[in-house]
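Q: Sequence:
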Amino acid sequence: MNGNKGKRVDVHAFARLKNGNTSIVESGVGRIIEVDKNGKIIHEIPMKRDGRQNTRWVRFTPEGNYLVTSENPGVVTEYNRKGEIVWEYLINTRCYGAIRLKNGNTLIASGSGKSVVEVTPEKKVVWEIKGTVPGTEIELGWMTALQQLKNGNFISAISTPARATRKSSRSPATKKSSGNSTNGSWSATAWPCGKSSTTNNPSTSAGNWPSWVSDEDRDCCPICPGLGLIICGRLGQPSLPAVGCAEQGKE
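First residue of the sequence shown? That's -11 in this note's numbering, and the numbers climb one at a time after it.
Source of the hints: derived by calculation from the structure; they are not laboratory data.
As the structure is a prediction and not an experimental result, all values here were calculated from the model.
Be careful, since some hints might not be right.
Listed next, with one range per pair, are the computed distances between beta-carbon atoms [stated by the list, open to error]:
| hint | residue 1 | residue 2 | range |
| --- | --- | --- | --- |
| 1 | N26 | E125 | 51 to 61 Å |
| 2 | K138 | L5 | 34 to 44 Å |
| 3 | W115 | P34 | 31 to 41 Å |
| 4 | E125 | K90 | 23 to 33 Å |
| 5 | W115 | K25 | 36 to 46 Å |
| 6 | E125 | K28 | 13 to 23 Å |
| 7 | E76 | G(-9) | 24 to 34 Å |
C-beta: ideal position from N, C-alpha, C; glycine also.
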């Protein structure tokens, strides 16, 4: 039906579209398809080979293009609806995720590079955080998921036994507080505003944790929009051994 009989296909990215169809990125075979509710393929584009077909995260840009990360080679590639490459950035690490920021730059989770990098359309690095977050003991590990918030801050996650933090697009974490983690839920116990909350999450991989945290919990008071979440865990563990939060500065 879909032309993949006998082939190994990994899916690391998919999304329900506004028109009700579903976009699926087929890693390995190197194809992005759009299917209707009956599973019929109504649009497909091939991805470039030479390793670019082995994908991780894929996100849409505001223009409707596909922003695709490939670990080997470590490259972020932007395809339009025709399958043409309109932009790419070779980071030379096993990159995992990338998002297009509101300012037009691209934020990249470098995976094995243990860093988050912001690059311009001209491929100039304008911001990077790597190693230990300045002023803290937070050590970055294998960087995976990214998500930008309404206030311009972003969430980043780590899939190795290290800490991941949501942080301002420029400012590092400045204050640590405590928290805890249990099966199926995350409990925040030390927000600066004194709020205590629990957000249910699915028993899936640590790499998906940004979607577990509600906007209400992120922005619970005027002090808290700068909060960062620090997660300790290994990809694939439904129960994380430690969770905390860090207060962030603003630009």
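Q: Return holds or violated for the Cβ distance of E76 and G(-9) against the range 24 to 34 Å.
A: 26 Å Cβ-Cβ, so the 24 to 34 Å window holds.
Q: Using the beta carbons of E125 and K90, state whether their distance is inside 23 to 33 Å or not.
A: holds, 31 Å
Q: Taking 51 to 61 Å as the hint, is the beta-carbon distance of N26 and E125 inside that range?
A: holds, 53 Å
Q: When you take the CB atoms of W115 and K25, is the distance between them in 36 to 46 Å?
A: Since the Cβ atoms of W115 and K25 sit about 41 Å apart, the hinted range of 36 to 46 Å holds.
Q: In this structure, is the beta-carbon distance linking W115 and P34 contained in 31 to 41 Å?
A: holds, 33 Å
Q: 13 to 23 Å was suggested as the range; check whether the CB atoms of E125 and K28 agree with it.
A: violated, 53 Å
Q: That 34 to 44 Å hint for K138 and L5 (C-beta), does it hold up?
A: violated, 22 Å
Hints 2, 6 from the earlier list are contradicted by this structure; the remaining hints agree with it.
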